[in-house]
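The listed protein sequences derive, respectively, from chains Y and C. Just so we're aligned, residue 1 is where the first sequence starts under my numbering, counting upward by one. Just so we're aligned, residue 222 is where the second sequence starts under my numbering, counting upward by one.
The reader is advised that the hints may include incorrect statements.
Beta-carbon label-pair distances, calculated as ranges [what the hints assert, rightly or not]: (1) C/260 x Y/70: 30 to 36 Å; (2) C/261 x Y/108: 27 to 33 Å; (3) Y/6 x C/258: 53 to 59 Å; (4) Y/35 x C/253: 48 to 54 Å; (5) C/246 x Y/134: 19 to 25 Å; (6) Y/106 x C/226: 17 to 23 Å; (7) C/230 x Y/138: 41 to 47 Å.
These are computed hints drawn from the structure, not numbers from a lab. Ideal Cβ positions, reconstructed from N, Cα and C, are used throughout, including at glycine.
Next come the chains, spelled out residue by residue.
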Amino acid sequence: MSGGLEMRRALGWLALVGVIAGLGAGFAYAPREVVQGNVQRIMYLHVPSVLTAYLAFGLVLVGSIVYLATRRATWDRLAASAAELGVLFTGITIVSGSIWGRPTWGTWWTWDARLTSTAVLFIVYVGYLLLRAMIEDPDARARSAAVVGIVGAANMPIVHFSVKWWRALHQPSTILGPEPSPISPEIRLALLVNWIALTLVFAYFLSRRLELARLEAEGAL
Amino acid sequence: MPDNWTYVFAAYALAAAALLGYWRYLSVRARTLAERKRTGRGAP
């Protein structure tokens, strides 16, 4: 068995342990929130998934810039693989947020600045994947996708700071904000554990997706 | 506010379905590639 495969398997098991620890932290360790009740536990899925999506789209940006600078296909494959995962985690963010919004805001969806900018982020990277699927020439595909990958990343700060820049129904940043976090240490720890867990899941999926992309590129030669 | 456990379970169940679905998609693609390599057929 190759070292890479063993590493990937170990990462997969580590991610599974992380997810189990995250569920334990979110459902058993973290207390019931005073105002919202247990429905607030959706936060342990919603916030880590958007942070994971930021990480994914950050890698798309890095991969795209380095590809344009070096023209090495490895960086294009990194950008493409990370974009696929970014779309997956943004989708989870939007759906979990919508489900959380129904009992707390009384609506599944509203055209609030945070929700709208997140939907735009999702659509931009779905467009990125569609663009890749439409162009057959590998060099032209990588070049065009890199441009979209760089331009699309400009939306990330808009999503993150939208709750500060515009009056929004969505609450301000719970973590990664300039002010000290308003949440209790238990809730913060549960969030951190779930953030690490989803990052491990992301790393596992990314390593598998990159390996597939490499094998596909070899097969196409 | 009531606990709304149904919403909590729905959010986690849909996320689990999405992640497991992606994992399965990767596994199927890896199997197809391995099969293609074994039979000596290139990319379509």
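So, going through the hints one by one against the coordinates:
Between residue 260 of chain C and residue 70 of chain Y the C-beta distance comes to about 35 Å, which sits within the given range of 30 to 36 Å. Checking the proposed 27 to 33 Å range against residue 261 of chain C and residue 108 of chain Y shows it is violated: the Cβ atoms sit about 51 Å from each other. At about 20 Å, the beta-carbon gap between residue 6 of chain Y and residue 258 of chain C misses the expected band of 53 to 59 Å. Taking 48 to 54 Å as the suggested C-beta distance range, the pair residue 35 of chain Y and residue 253 of chain C conforms, at roughly 50 Å.
One distance hint, 19 to 25 Å for the beta-carbon pair residue 246 of chain C and residue 134 of chain Y, holds here, with the actual separation near 20 Å. Here the CB-CB span from residue 106 of chain Y to residue 226 of chain C is close to 18 Å, well matched to the stated 17 to 23 Å. Taking the beta carbon of each, residue 230 of chain C and residue 138 of chain Y are about 44 Å apart, inside 41 to 47 Å as hinted.
Consistency note: the structure conflicts with the earlier hints numbered 2 and 3.
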